[in-house]
Structures are given as structure tokens and as C-alpha cells.
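**Student:** Chains as they are written, first to last, in the numbering used here: chain A, 1 to 291; chain B, 1 to 601.
Hints are computed from structural coordinates only; laboratory data are not their basis.
It is possible that part of the hints are untrue.
[Claimed, not checked] Taking lysine to aspartate or glutamate and the EDC-like style, the derived pairs with C-alpha atoms no more than 20 angstroms apart in a straight line are: (1) B:Lys208 with A:Asp196; (2) B:Lys134 with A:Glu94; (3) A:Lys51 with B:Asp136; (4) A:Lys96 with B:Glu67; (5) A:Lys96 with B:Glu155; (6) A:Lys69 with B:Glu67.
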Amino acid sequence: MVRSKLLFAVAVVLSSSAVMLGTVPAAWAADPPKCEPDKLATKYPSLVGKKVIIGQDGESPPYSFRDPKDFNSIIGADADMVRAAFKCIGGQFEFKLGGWSGLLPAVIAGQADVMWDNLYFTTERAKQVDYVIYMIAGTGALVKKGNPKNITGMDTVCGLTATAGLGTVEEAAFRDQSEKCKAAGKAAITLMTYPDIPAGTRLIQNDRADILLSDLAIVDQLSENNPAVFQRGFKVVSDFKIGVAMKKGNEDLLKAIADALTVLQAEGVQKKIYEQYKLDPALMQPIAIQR
Amino acid sequence: MKSRLALFVVSLCLGLFLLGCDNRSGGQGAPGATLSQLAGGGSPVGQGEAGWLGELLGYVVLPFLLEGALLAVQISALAMVGGVLLGLGLALMRLSSYAPIRVIAWIYIWLVRGTPQLLQLVFLYDALPGIGIKLDTFTTAVIGFALNEAAFSAEIIRGGILSVNRNQTVAAASLGMGPLLALRRIILPQAMRAILPGMANDTIGMIKGTSIASVIFVNELTFRSQQIVGQNFKFFTVFAAAGVIYLMLTSAISLLQSLLEHRFNHELEPAVRGASSWRRFVGWGPSWLPGRVAALPAGVVGTAPAIPAPRPETAAERSAHGLLWREHLLAASPQQADQDARPFVVCDNVCKSYGGREVVRNLDLTVKRGEVVTIIGPSGSGKSTLLRLINHLEHVDWGEIKIDGQYVGYEKRGTAVRPIRDLAKARADARIGMVFQQFNLFNHLTAVQNISEAPIQVYGEEPKRARNLALSLLASVGLARHADHLPHRLSGGQQQRVAIARALAISPRLMLFDEPTSALDPELVGEVLAVIRRLAEAGMTMIVVTHEIRFAREVADRVVFIDEGSIVEQGTPAEVLDNPREERTQRFLRMVEREETVLDA
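Could you build the full structure based on these sequences and the hints that come with them?
**Tutor:** This is how it looks when you write it as C-alpha cells:
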């Protein structure tokens, strides 16, 4: 109890300083959000008695994956943040696992309430969902141990075979780079797309592809856990923002999650979770609602 | 072929086993070593000792994966039931005589078969909420797979129905069976043989295909194994374990398929149907296993001890059954005595065309009660069509036909008659027995079942009584020993006698014979004609289309010569056969006589 009060004090100080830095929307400055699970009915009345359905894919570590000790439980940076946030909000939630590509359509259709699974912000998506931004994307290049093809940046990929998730920004980046290679008189990139990360890593492992481009944390974890097979070729911190998405019009839910994340970030819970899953805390972004 | 396949399976298993051993002995740098390093969180030492085979088996029995398999089975089972029922409806729509119904079914199948199932599932799950229909994951998966399966099974079922000879439907209709009853009792049981392999394919495909439902949050086997791989990257053992689980499920379906195929194999005698399911499943097996008989060629099956050779019936038995048979017939027409003079069958100005070609034109014919009329004439002269018009297997285009003063399945509308809706009931009430050139016995039913089918299913006769009647009728045609034989085990003459007994079982007031001996070998003609002769003696009203001029002379009260759809001349056998007045009759008789002389020679 004493500890939480202390944490709260720290949170107030931190958020006040954040206000001074101008990174938190001004509307919250007057009344900094705090965890008040008992006041759910007054703060977010529409969440009372509602079980918020959180869509995740359960197959992308370190964000959302099955606990190796108990396959019935979902862990990961995103999953743990969900738990912490709803503990703070005082509401009920439930994980619903489905293929990543089905998550956003389900949120738009109302079959799930929230997609909380490493989703990048795009203006196109923001036409149908509201975001609570909490992180910035880093991109990592996974290569074979010893980096046999000397891949150190995008400009070194010309003439090689590259792989990225189907329909991802990484795929687009390779296509873009391939054009640049051709323009510079070099050989184009041979591009292979994969349906899920494990399938992509097998391409690298079996020398079917030379470089895999994906989320930085995923690449880092892969190379750390399999040091004899993989290593990181290079990393790029992009300006892609990552956020929690929910269908437009759920103002209570949007505010509840934004408030909770603000507190979690201020109290250092987010940082702790990121460190636990070996995510670079430098990727954390000030919490902000983006529509 | 089969032994080569077995050899392949054995060597594959052996190879896998050796691979496992090789890894256990632990060669660093071998593919197995890379895999265990990929494992990440696991304990490499333990895995090295147990080998990947142990790890694989561990995943096979992992409740987390088995729950996913159970979900796939539940979805597939429900979706198959729904899909097959819906598919049956669509198949019948596709076979409908009404074009709009055919078109609707065709469009459905075209649309569903032609679009990716993934999109269908996403549509059901994510688009329907837009119009207020919000289905949960499981329901969506069941409905989605059922709707998809309906389109595929509709075509499989339609193929099965089409594979059953049309004469089976005609025979069922002649016995007063309605379309649905005929479908259920006669057509589908025979179509099952053609339907089952395709259905088993679809079921297996569906169990494996439920994995695409992960986009609508179905956590089945493949998605769960992907999640494990996503977490520990042991894709080889996890996916192999999932493969083993799938293989177990699909093996169960293959076994079920084999059992059902055996059940619906109407070429097997009932005694042989109890054959070993192992042999049935793998297709071969040691000779000491029961069911060896099933694998023998059809000709050899007859010598198997399970089916005793029929001993010839004694004269006493035959005459005893003969009496029963006469009693049965007398019971059918109680007022026979006092209404002898009135015409029983009246065809008045009957016309029928097929595709613009007139087959029966302005035909008038009356048949008195108890009269035996034989119709002779060249092929294609409209004789068979006339019979089918009389028991309303075909509609008349013009004119009218009355049996005992009643229409069979028509009603008067102004000056013309029009077919009524419930034709089957009208045919059943008319009690007109028909015997076909090709016998048209129900291939999947034994002789006695063929006979008792209509009494039980159409006339609501109590099964035991119907069977006794069927046995006595079989005895009356000299086939008591063949009661439990399937049609394909009987000779043509025997089949035709069963067919006559089947027609008699509905207590007919009128018997129609459509060239009953034309498909028979000459030495078998006599046994069938003998039965018809006895019927004539018993006072049955009969119209017999035949080429047997001698038989016509002997049995007929009246001979009718038809050519090009109309009656050329008619009269007593002495008048028409011995002193024909018309030139066309003379020419026809000369020709038939020549053929008979050749045959006799």
C-alpha cells in the first residue's frame, strides 16, 4: 500500500515533468490519470460488466506467445501490458487468439474490441480505428551466423535473396531498395515473402534467403536464443508508431487504455516489462491517443 | 502394387527410426543438432538423450495440441452433417425438372466453389455483424465449412444419383413409390457406393482445412502448433507431431469409409458382409482372416459354403404355393364375377410425342376385365410407350385413359385432362403391376426384399406379413430357395420371375408386361412364359407387349397389332396371327416368323 502510494507520487512527478516537456496531451495535465480500479463505474461507465476482448496472435514473441511452461497461458510484452493495464482500469478482459491478419478486420466488425499486437499506425488504418500509441518501431535484419554475405545495411542487399512478411512495410522496403539497386546499375533483389516468422527464419536457416527483415525485438530475440545459427546484420529505428487499436466510437475504452498506459509508463512498469522480454526501452513512446 | 506400397511404408518408418537414432548418438553439426540449438528455452542435454523421436511423441500426446485436434474434429463433424444435408438438397435441386430451381442451385455451387474459403469465413465473421448478425467463432466455422461443403457434396451426391440406372426409378414409380421414398429406399442406398469415396475425401480435406479458420480465431491443431513453433522454433518435431495427430484422425476416417463402403456394397451377399474390417481397410491380409471370400472373383463366391446351392423345388411345394398365390390374387379383385362385361381399361384418342415425334397417335383401345391382350408390332411402334401411358409413368399429351372408370393421376379440367400433383399415390391406388424388359430389380435388395419393399413402404403392410407374402409369391414362381439372393446372383429368367412376383405383391388389378422375355437367353424364355401363362389361367387382366408370336397365339384372348403409334388391326389370335387382313401385319408376321425359324435352327 505504502509502495503504491510512493509509486503514485513518482508518477505524478514524472507526468508533471512530461507535461513540461510537452509530450503528453494538454488535456491530461490538470488531472493526471491514476489507477483507480474501484472507480470503474464513474470513470468509464460503459466498461462496467463488459468483458473486453483483446485480439492477439499468440505466435509472435516477444510480443504475444504461448508460455513454454504452460501452453494455455499467453505471455509477452504486449500480453503483459494488457494484464497490467486492465488491473489498473479495474475492468474485465479476455484474450482471443487468431491469425494476425484476421485481428484488425475482427475489431472493425466488432468481433473483438481491441487489437493489441504490435500494430503499426497508418493513416489508412486510422480511418477505421483509434490508436493509443505506446512504442516506436525498430527494424532488424536477421542473417546467418557469421554474416557470410556481409550485410550491413539496405544498400548491401542488392543482388541477394531477401525475405519479409507478406504485405508488411518490410516487404515494401525491399521492393523500394530493389528499384534503387537497379537504378544504381546493380542486380535487383530476389524477394520471398513468408506467412509467419518461424517460416521466415527457416528460409535463413536453410540458406534459401540471405536476409530477413522484421521487427527489431523479434530479430534480436532470435539471434540471442540461437547464437549458433543467426545474428543481427543491422538495425534501423524507423518512425513507425505502434499502438493499441480499437473501433472508433469506444471513447470510454480508448480513454481507459490511454490513462492506464500513461500510468504504467510513468511508474516504470512498461520499462520493466520491456526489459524482461529484452525489448529496447528506447523504443517506448509517450502515450498518446491518435485518431 | 499394394505390396510395393507396403514396402515403401515400412522402409519410410525404418528410415525415420534410424534418423532418430543417428541424432541420439549426437553428431554436432548434423541437421538435428542445429534443430536442438534452435530450440531456445528447452534443455539441450535432455533432448540429446531422448532424441527427437521422444520429443515428437511428447508433442503428440500434449493436451494443448489434442484439444486443438478435438476442436478440428468437432467443427468438421458438425459441418459435414450440415453440409451433406444441404448438399443433398442442392443435388436434388440440380436434378429438378424446373429450370429456376436448377439455376438457383447452380449459382450457389458456382459461387461457393469458385471463391476462396478463407474469404467466405472472413465474410461470415466480419461482414455479417454489419447487418446485425454476430456469430461466434465456433458457429461461424461450422456454418462456413458446412456452406462450403454443401457445394462440393452436392456435386458428389448428384454424381452418385446419376450413377444409379434410371430403370431403378422407373421400377419404383411403377410400384407406387413417391420420388422421396424412391430416393431414400432405392436410389441413395445404391448411390452410396459412388458417393462415399468422395465424401471421405471431403471429410479428410475439411479436418485439415480447419486450420484456415485461424483468421476467425479458431485455435485448432495447426494454429496451436504454429503458436508453439512461434515460441520455441522446434518446427520439425512440433509440425511432425501435428502431422501424426492428423494422420491418426484421417486414418479413423479412412477406416469408417471402408466400413461404410462395405455396408453399401450390394454386390456382396449379406453373409459375406461380416468380413474382417482389417482386410477391408488395407485391401489385403492373411487367408485365415475371416472375409477372404469377399476378395474372390464373383464366379467363385458361389462355391463358398456360406451360400448353399439351391435344391430344386419339389412338385408338392410348388403346387402348395400355387394355391396361396391364387388366393392372393382372388383377394385383390373381389367383384370380378359380376362386372365381367364392362370395359376395364379404356384408352380414348391417346396421343404422345417425344421431341416433336409422334409416338402414339389417336389410339383407342379397350380391355375387358380378365382379358389377356397381347400387343405386337415392330420396334419403335409405340407399344412400350402405350404401357407407360396406361400406368401413368408418362403423361398423355392428348386424350384420356381410364382404369375401371377412374383416371390414374389425372383430373378433368374443361375438355382436357391434366396430371395431378400426387402422382405416386394415384399410381399406388390404381394397383397396376408392371414387368420390364430389363427386369429392373432393385440391385441392393435380396429377392424377398425386392418383393416386400412396396407392400411395406407404400401400402403400410406389416413387415412380417409382407415377408411371408413375398416368400409365398417367390415360391409360386419357383424361387423359394433364392429368397435371400441378390439380383446379380440370379439368372435372367430367375430375375424376371422375381420381377413378376414383385409386381404381384401389390395385389394388382392389371398387369402390364413390357417385352418380358426379350432380354433373356432362348432357353430361359420358357420359365417366364410359364409363369405368365399361369397368371392368365388365374384370370388376371393383362396387357403383354411381346415378340413371342407362339405365346401370343396360345395365351391371348385378343392380339393387337400396332405400327407407327396406331392400331393397325386387332382380333382373336386366329384372326390377326393366322389370317391378317392388313398388308403391314402380314409383312411383320413374315419377318418374325423368319427370325423364329432361324432361332429354332
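**Student:** Is it true that the CA of lysine 96 of chain A sits at most 20 angstroms from the CA of glutamate 155 of chain B?
**Tutor:** Outside the cut-off at roughly 37 angstroms; violated.
**Student:** Need the status of pair lysine 134 of chain B, glutamate 94 of chain A: alpha-carbon distance at most 20 angstroms?
**Tutor:** Distance of about 18 angstroms is within 20 angstroms: holds.
**Student:** Just to be careful, I want the Cα atoms of lysine 69 of chain A and glutamate 67 of chain B compared with a cutoff of 20 angstroms; is the pair within it?
**Tutor:** holds, 17 angstroms
**Student:** Tell me if the straight-line CA distance from lysine 208 of chain B to aspartate 196 of chain A falls inside 20 angstroms.
**Tutor:** holds, 19 angstroms
**Student:** Is lysine 96 of chain A close enough to glutamate 67 of chain B, meaning Cα to Cα at most 20 angstroms?
**Tutor:** It holds: about 16 angstroms lies between the C-alpha atoms, which stays within 20 angstroms.
**Student:** Could you grab the alpha-carbon distance between lysine 51 of chain A and aspartate 136 of chain B and see if it respects the 20 angstroms cut-off?
**Tutor:** holds, 15 angstroms
In summary, the structure is inconsistent with hint 5 from the numbered list given earlier, while agreeing with all the others.
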